[in-house]
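Asks: Based on the sequences and whatever the hints tell you, model everything.
Each chain, letter by letter, is given below.
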Amino acid sequence: MLERDPGGAAQPGMLVLARESRGMTQAEVASAISAKLGSREPASQGYVSKAEAGRIRVTGERLAVYAAALGYGSDLLTLDEAAHGAGVGLVHHRRRASLAVMGLRRTHAVLNLTRIQLQAMLKAAGEHPAHRFPDIEVNAFDTAEDAARAVRQAWGIVPGPVRSLIGALEDAGGFVVRRQLAGRELDAVSQRMEEGNPLFLLNFGTPADRERYTLAHELGHVVMHRVPSDDQERQADQFAGEFLLPARDILRSLKGGLDLGRLIELKQAWRVSMAAIARRAHTLSVISDWQYRQLNIELSTLGYRTAEPAEFASEQPAAVAALISKLHSQQGLTVADLARITGLQEQEFSELYLTDSVKD
Amino acid sequence: MPSPFIPPEPRPAPDAAAAAGRQARVCAPPGQAGVLANRVLIHARPRGITRLLPAIDQRHSGIMLCGERPEQGIKRCRTAGFAGILAIDPRGYKDGVATPDAPFALPDHGQLFEPSLEQVLDDQRAAGADVALTPTMYLEPGDAASLKAAARIAADLGRDDTIFSVPISIAWLNSMYVGQLIAVLARVPLPKGIFLGSQLDPLDNVEEAVDNLRRLSAEAGDVALFCTDFAAFDFAAHGGFAASIGTGGSLRHIIPPDEAPER
Chain A
1 MLERDPGGAA QPGMLVLARE SRGMTQAEVA SAISAKLGSR EPASQGYVSK AEAGRIRVTG
61 ERLAVYAAAL GYGSDLLTLD EAAHGAGVGL VHHRRRASLA VMGLRRTHAV LNLTRIQLQA
121 MLKAAGEHPA HRFPDIEVNA FDTAEDAARA VRQAWGIVPG PVRSLIGALE DAGGFVVRRQ
181 LAGRELDAVS QRMEEGNPLF LLNFGTPADR ERYTLAHELG HVVMHRVPSD DQERQADQFA
241 GEFLLPARDI LRSLKGGLDL GRLIELKQAW RVSMAAIARR AHTLSVISDW QYRQLNIELS
301 TLGYRTAEPA EFASEQPAAV AALISKLHSQ QGLTVADLAR ITGLQEQEFS ELYLTDSVKD
Chain B
1 MPSPFIPPEP RPAPDAAAAA GRQARVCAPP GQAGVLANRV LIHARPRGIT RLLPAIDQRH
61 SGIMLCGERP EQGIKRCRTA GFAGILAIDP RGYKDGVATP DAPFALPDHG QLFEPSLEQV
121 LDDQRAAGAD VALTPTMYLE PGDAASLKAA ARIAADLGRD DTIFSVPISI AWLNSMYVGQ
181 LIAVLARVPL PKGIFLGSQL DPLDNVEEAV DNLRRLSAEA GDVALFCTDF AAFDFAAHGG
241 FAASIGTGGS LRHIIPPDEA PER
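Going down the list, the sequences are from chains A and B. Quick note on numbering: the first sequence equals residues 1 to 360 in this note's numbering. Quick note on numbering: the second sequence equals residues 1 to 263 in this note's numbering.
Derived from the structure by calculation, the hints contain no laboratory data. Backbone N, C-alpha and C define an ideal beta-carbon position, used for all residues, glycine too.
Derived Cβ-Cβ restraints for the label pairs, each shown as a range:
| id | chain 1 | residue 1 | chain 2 | residue 2 | range |
| --- | --- | --- | --- | --- | --- |
| 1 | A | L260 | B | A126 | 47 to 57 Å |
| 2 | A | A208 | B | E207 | 26 to 36 Å |
| 3 | B | G81 | A | W290 | 40 to 50 Å |
| 4 | A | T301 | B | Q119 | 53 to 63 Å |
| 5 | B | E71 | A | L260 | 49 to 59 Å |
| 6 | A | G303 | B | E208 | 26 to 36 Å |
| 7 | A | W290 | B | Q119 | 42 to 52 Å |
| 8 | B | D258 | A | I297 | 25 to 35 Å |
| 9 | A | Q268 | B | H60 | 55 to 65 Å |
| 10 | B | F230 | A | I297 | 28 to 38 Å |
| 11 | B | H60 | A | P159 | 44 to 54 Å |
| 12 | A | L260 | B | R51 | 43 to 53 Å |
| 13 | A | A313 | B | E207 | 36 to 46 Å |
| 14 | A | E298 | B | E208 | 16 to 26 Å |
Under the rule of at most 35 Å between Cα atoms (straight-line distance), these lysine-lysine pairs were calculated in the DSBU-like manner:
| id | chain 1 | residue 1 | chain 2 | residue 2 |
| --- | --- | --- | --- | --- |
| 15 | B | K94 | B | K148 |
| 16 | A | K50 | A | K123 |
| 17 | B | K94 | B | K75 |
| 18 | B | K148 | A | K255 |
| 19 | A | K50 | A | K36 |
| 20 | A | K255 | B | K94 |
Replies: Pasting the structure below:
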């Protein structure tokens with residue numbers, strides 16, 4: 001089991017994390033608590049504020065009501081912050097500029113809670129898989145593209161398209177989970193867990209081609225960026241470009257004229273968006289600045305900026321489902337047990353973690 | 001009757017100090033390779049080379065010979081009394097794409113042992129070239145592993161009569177790759193000779209290329225631009241130590257070895 005407050009009191013940081021993961025304000029939490037308590041003892045926004053600041057201890061029945069108002073189990077709110085890192089560590093995200101701060105905070109909270117849930121299940125399984133995600137320093141001499149080549153080589157990825165990116169990440173000891181994140185403005189977030197295994201959180205509804213590029217971008221962050229830097233987004237894009245479309249392998253395919261028809265063919269072969277392939281061709285100077293502009297105009301005119309043709313199915317994560325299957329089949333844990341371990345209510349645990357295959 | 005031509009009075013001699021202030025920075029690589037400093041050479045094939053000789057200013061120019069039997073071209077130039085600078089472009093970039101294992105084109109004469117890079121350079125000098133150029137193969141866009149391999153071998157040569165040829169795809173001069181190109185070349189103690197590769201005019205294909213070429217000349221240490229056009233003058237004006245201009249379109253840029261020239 002995870003470390004908890006010995007006095008059974010809610011931890012201020014966990015209260016904040018739980019609230020933010022629900023996208024609720026303090027006033028909304030207070031209202032939800034009041035609704036649970038009925039007319040007995042209405043809670044104010046000030047109460048929630050003090051609880052989150054650690055100036056009020058939340059225990060016993062109040063804790064149960066507080067947790068119920070947030071839709072979590074009481075155990076989650078008593079987790080030891082210091083042991084589980086409830087605060088946001090170095091989180092990487094690929095997002096559009098329009099994403100509001102509140103949405104980002106919610107997403108970071110969901111990421112942290114998912115990490116805590118996953119660590120709880122790994123601990124219950126009594127094992128933590130080794131990982132093969134290196135730490136690679138990049139600079140002007142050794143660039144992000146070099147890092148991408150090094151990772152491909154270390155993971156034994158054969159030249160050409162990456163057939164299953166999620167498979168490669170999971171084989172290397174990473175975890176990939178899909179969640180409903182803040183609108184469509186954010187595609188993914190990632191964070192290393194304590195043992196170094198990374199967790200990638202993907203937003204539902206992202207097209208498969210964009211999702212693969214996003215995952216490769218996040219992989220770049222994970223292996224290159226232990227500390228933030230001004231250049232990190234450009235480096236992560238550079239990494240993703242070389243990881244999914246290695247210059248040496250794709251150069252020949254790009255030559256000989258690049259029109260929309262050829263872009264669709266290449267998209268199907270490399271499982272990367274037409275826009276990303278056109279950008280790669282421009283980076284590699286297979287097409288000139290002018291040709292690149294013309295291609296982009298065509299893509300925009302046809303509406304392919306928002307919805308590209310030749311869609312393909314998204315890849316499906318399997319590692320977390322396998323972990324849950326193992327906990328069920330080898331240790332006999334029920335959904336109720338797993339929900340308790342992860343600090344979730346049963347219904348939410350089922351919704352988040354039980355895919356059809358696991359339910360069967 | 002027309003008045004006889006009276007030449008104008010010569011200008012007064014400039015003030016020496018003022019002239020020194022206006023003079024461009026003189027950058028000369030150390031050793032024998034320094035003979036190319038501040039020269040814009042003619043990049044030409046050996047055939048018919050002697051016809052060009054009267055037009056070449058031996059103080060500020062010279063000849064970079066490429067193509068079939070360049071050593072014969074050197075011989076003809078010397079026989080014709082040309083005393084200026086001569087060099088051979090071994091055109092490794094036409095033989096194939098550089099790889100980390102084989103970044104240089106070394107000739108296969110069917111000998112028991114293939115000639116080493118040192119021997120190839122020695123052969124150029126023995127043929128009468130004032131400096132030697134490495135036969136570096138074509139460096140594809142972003143192929144840092146091959147660039148680094150070539151740079152490492154060049155850095156270990158320890159010669160002062162050699163220029164490290166760097167025949168690159170023009171993509172190396174976009175903002176994605178130029179930083180790495182500079183970082184790698186700056187570590188090579190030899191003077192470097194850039195050849196720009198793409199169809200048609202390389203500098204027309206990438207908007208950032210001109211600025212990044214200037215940045216390269218300023219930051220990578222003793223850089224020349226070979227096999228180019230009037231870009232040679234811009235390059236020299238921005239710190240490049242030497243350049244060469246091709247006598248025809250096909251000698252004013254290089255193209256990837258697996259492509260036919262577009263017209």
